[in-house]
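J.: So you can see what is in the structure, the chains are spelled out below.
Protein chains: 6
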Amino acid sequence: MSTEKDRVAEFTAFRHRMNERILAEDNQVVRRFFALDTQTYKAGALDVKTKEMLGLVASMVLRCDDCISYHVAQCKDVGVTREEFFEMFSVGLVVGGSIVIPHLRRAVDFLDRLEADGAASSAENCSEHA
Amino acid sequence: MSTEKDRVAEFTAFRHRMNERILAEDNQVVRRFFALDTQTYKAGALDVKTKEMLGLVASMVLRCDDCISYHVAQCKDVGVTREEFFEMFSVGLVVGGSIVIPHLRRAVDFLDRLEADGAASSAENCSEHA
Amino acid sequence: MSTEKDRVAEFTAFRHRMNERILAEDNQVVRRFFALDTQTYKAGALDVKTKEMLGLVASMVLRCDDCISYHVAQCKDVGVTREEFFEMFSVGLVVGGSIVIPHLRRAVDFLDRLEADGAASSAENCSEHA
Amino acid sequence: MSTEKDRVAEFTAFRHRMNERILAEDNQVVRRFFALDTQTYKAGALDVKTKEMLGLVASMVLRCDDCISYHVAQCKDVGVTREEFFEMFSVGLVVGGSIVIPHLRRAVDFLDRLEADGAASSAENCSEHA
Amino acid sequence: MSTEKDRVAEFTAFRHRMNERILAEDNQVVRRFFALDTQTYKAGALDVKTKEMLGLVASMVLRCDDCISYHVAQCKDVGVTREEFFEMFSVGLVVGGSIVIPHLRRAVDFLDRLEADGAASSAENCSEHA
Amino acid sequence: MSTEKDRVAEFTAFRHRMNERILAEDNQVVRRFFALDTQTYKAGALDVKTKEMLGLVASMVLRCDDCISYHVAQCKDVGVTREEFFEMFSVGLVVGGSIVIPHLRRAVDFLDRLEADGAASSAENCSEHA
Chain A
1 MSTEKDRVAE FTAFRHRMNE RILAEDNQVV RRFFALDTQT YKAGALDVKT KEMLGLVASM
61 VLRCDDCISY HVAQCKDVGV TREEFFEMFS VGLVVGGSIV IPHLRRAVDF LDRLEADGAA
121 SSAENCSEHA
Chain B
1 MSTEKDRVAE FTAFRHRMNE RILAEDNQVV RRFFALDTQT YKAGALDVKT KEMLGLVASM
61 VLRCDDCISY HVAQCKDVGV TREEFFEMFS VGLVVGGSIV IPHLRRAVDF LDRLEADGAA
121 SSAENCSEHA
Chain C
1 MSTEKDRVAE FTAFRHRMNE RILAEDNQVV RRFFALDTQT YKAGALDVKT KEMLGLVASM
61 VLRCDDCISY HVAQCKDVGV TREEFFEMFS VGLVVGGSIV IPHLRRAVDF LDRLEADGAA
121 SSAENCSEHA
Chain D
1 MSTEKDRVAE FTAFRHRMNE RILAEDNQVV RRFFALDTQT YKAGALDVKT KEMLGLVASM
61 VLRCDDCISY HVAQCKDVGV TREEFFEMFS VGLVVGGSIV IPHLRRAVDF LDRLEADGAA
121 SSAENCSEHA
Chain E
1 MSTEKDRVAE FTAFRHRMNE RILAEDNQVV RRFFALDTQT YKAGALDVKT KEMLGLVASM
61 VLRCDDCISY HVAQCKDVGV TREEFFEMFS VGLVVGGSIV IPHLRRAVDF LDRLEADGAA
121 SSAENCSEHA
Chain F
1 MSTEKDRVAE FTAFRHRMNE RILAEDNQVV RRFFALDTQT YKAGALDVKT KEMLGLVASM
61 VLRCDDCISY HVAQCKDVGV TREEFFEMFS VGLVVGGSIV IPHLRRAVDF LDRLEADGAA
121 SSAENCSEHA
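Keeping their order, the protein sequence lines are chains A, B, C, D, E and F. Position one of the first sequence corresponds to residue 1 (our numbering), numbered consecutively onward. Position one of the second sequence corresponds to residue 1 (our numbering), numbered consecutively onward. Position one of the third sequence corresponds to residue 1 (our numbering), numbered consecutively onward. Position one of the fourth sequence corresponds to residue 1 (our numbering), numbered consecutively onward. Position one of the fifth sequence corresponds to residue 1 (our numbering), numbered consecutively onward. Position one of the sixth sequence corresponds to residue 1 (our numbering), numbered consecutively onward.
Rather than coming from a laboratory, the hints here were simulated on the basis of the structure. Quick caveat: nothing in here was measured; it's all calculated off a predicted structure. Glycine included, C-beta positions come from ideal geometry on N, C-alpha and C. One or more hints might be untrue.
Said to hold, decoys possible - Here are some chain B residues the structure puts well away from chain D; computed CB gaps all over 12 Å:
hint	residue
1	M18
2	L23
3	E25
4	R32
5	G44
6	V48
7	R82
8	E83
9	F85
10	E87
11	S90
12	H103
13	R106
14	D109
15	D112
What the hints assert, rightly or not - Cβ pair distances, simulated, as ranges:
hint	chain 1	residue 1	chain 2	residue 2	range
16	B	T38	F	A116	52 to 58 Å
17	E	A116	D	A116	55 to 61 Å
18	C	D112	F	D112	43 to 49 Å
19	F	T81	C	L23	51 to 57 Å
20	E	R31	A	F11	26 to 32 Å
21	E	A9	B	E20	28 to 34 Å
22	B	T38	A	L23	43 to 49 Å
23	E	G118	A	R82	40 to 46 Å
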């Protein structure tokens, strides 16, 4: 299990490092896109929890593991319960089909580990950019 | 504009007719899938409004006009406001990219027409299956 | 219903005309791709019926109406039964999810019309390239 | 053929009208996304022609007819030749597979009509947002 | 090569474990979806071999390695020959394009290992759910 | 960092080995597809650099890491500058949306390593088939 933890830490460090490298580059469109991505999930007419749930289901049907992990952690941070997670998963599964199943397995595994670690590590691991 | 209305009515009639034909067929997997699809959006740990919003954003990033129209109408029926619609659209747009824009145009056009017709016709046109 | 028939005839004529225009162009990669596409569905270790069924399910999960119509007609020509069609549709639906439903409706509608017209018109309408 | 012309004019008017409606809405993320989309294709390290060609091939493999038509018109405006168009089409076709063929047919048809109309109407029809 | 074998065993154990966790959860839609997925590939108007082949090509064009491996193993179990596998691969490649090639490489590698291990281990590794 | 280098070498060896295995197989459609894929990127009305850039952006929006790495290396070999790479990335990001970000991170990481190794190793690692 400590290997699992290392893998998450490694991935988080990679995400951090690459986001910094990308934003350090002198390309205004890319930088603005990253800023817009952050802005998208801020509270407005819809609250943060709803927006993160929308981001999670969108990531599931588009089948991107990194995006799913990111939004699972964000949802966990804002108090989404296990029952709510599985209802989101059911929407993603029915809309996207059985091709989503391998991603669902990894999403549940990631959620299990977040719950095992407690809320503290989830905040620590995932406080940054998608 | 009456041509527009005819087109919507025609599409709704087509959806009705084909759903009936499909469900009349002796294929248990297809019928169960349709039943499961309906069950997915029932209230549970998440309410109907949240689930319909998840269905809408999933449909946007997968770029299916019929599915988008269906969920826009469902969302309208359960009280989603125009501000909330546009926040959902912003999530779909940022996650899915500019390739979503043509579908966004048609979604806004469909929403405009629903608002013009009033809540009554939305219930009438779209009370059935995705 | 005669309008429906005109629409199919119009689409078939369009497909014919554009294939000819594309193949008349002096681009060897495009022409070879079209030839390869034709070769793909020839009998080999797998018979034509199996290959056309593979093409149909692939088209369903990728959600391309024109490709679906084409392979439905090809499958019909080589004797695929209505029960077999619905079993294929069930695979496409479960793998691809509810986002496939609008395409399923149009596929069943197209199949209904082919059956109404009889085998003759199916051969006439669809004997050419995807 | 005048019906064809009307359909293009209708589509262009629709795009215009809906872009205006969308941008009139008080949603900053959506408006910024549209601005970013415009900025993306401005000359920089790569010239406009190259960027429009990138946009066209991206639209082909993602199979969006509206986006393809838009970038075909833009490419035509900046001097892309028919031979160059077909080489782009060959890349889109080989990367994206035969599922791209129906979109290729419509792209070639659109290009044919642009060439028939001359450069003037291409500027007139397509000078706006994707 | 023993590392390779460990990786397959690890993946199989993970799939087993996560399927059990997912099905233990109190979410009826998700459980019904898994049941429906199993039912889909049962013999009916089409035999198991044909259905598994449909599932394999669908997985290829949607580019999901886990799903491809699963259906390759299932197809192997029901007697699909190497020539038949490559004809399926050719359909997946032509429909889905060169973007499928990296998945084709991994599919062939997986098939090679299944053939090296003999039919026994294929049954052992892959007798469960997608 | 030497582990990183091993991973690239391992992946390159795998690609080599599997391409050879696939081309050794007696399936004419698959072999012709591979030949056509190679032909697609040869100089013609468009030069090699432009074609490789088209291939890169197509790979980004379709979100295939192996294809992205391949075309990044090819682009690097024909002299694409870092500024040009980021402008391509900006097109891929805006067209394909935030779901492309994880692939962008890995693309930039791959490019960083290519630049660190110098042009020599890029030629060595990536002179073969997609």
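J.: Quick check on a hinted range of 43 to 49 Å for T38(B) and L23(A), using CB atoms only.
T.: The hinted range 43 to 49 Å holds for T38(B) and L23(A), with Cβ atoms some 45 Å apart.
J.: Is 52 to 58 Å a correct range for the gap between the Cβ atoms of T38(B) and A116(F)?
T.: For T38(B) and A116(F) the Cβ distance comes to about 55 Å; the hint holds.
J.: At 12 Å, judged by beta carbons, does M18(B) keep clear of chain D as stated?
T.: Per Cβ check, M18(B) is outside 12 Å of chain D; nearest 21 Å; holds.
J.: State, for the Cβ atoms of A116(E) and A116(D), whether the hinted interval 55 to 61 Å holds or is violated.
T.: 60 Å Cβ-Cβ, so the 55 to 61 Å window holds.
J.: Is the Cβ of D109(B) farther than 12 Å from every Cβ of chain D?
T.: 6 Å, violated
J.: Evaluate the condition: distance from the CB of E83(B) to the nearest CB of chain D exceeds 12 Å.
T.: Non-interface label fails for E83(B): nearest chain D Cβ at 8 Å, not farther than 12 Å.
J.: Taking the closest pair, is the beta carbon of E25(B) still more than 12 Å from chain D?
T.: It holds; E25(B) is separated from chain D by about 26 Å at its closest Cβ, greater than 12 Å.
J.: Look at the Cβ atoms of G118(E) and R82(A) and judge whether their distance stays inside 40 to 46 Å.
T.: At roughly 42 Å between Cβ atoms, R82(A) and G118(E) fall inside 40 to 46 Å, so the hint holds.
J.: Report holds if the minimum CB distance from V48(B) to chain D is greater than 12 Å, and violated otherwise.
T.: Nearest chain D Cβ is 24 Å from V48(B), so the label holds.
J.: Take the C-beta atom of A9(E) and the C-beta atom of E20(B), compute their distance, and say whether it sits inside 28 to 34 Å.
T.: 49 Å, violated
J.: For R32(B), which was marked as not at the interface, is the minimum beta-carbon distance to chain D over 12 Å?
T.: Holds, because the least Cβ-Cβ distance between R32(B) and chain D comes to about 28 Å, which exceeds 12 Å.
J.: Confirm or reject the statement that F85(B) sits farther than 12 Å, beta carbon to beta carbon, from all of chain D.
T.: 9 Å, violated
Checked against the numbered hints above, the structure breaks hints 7, 8, 9, 10, 11, 12, 13, 14, 15, 18, 19 and 21 and satisfies the rest.
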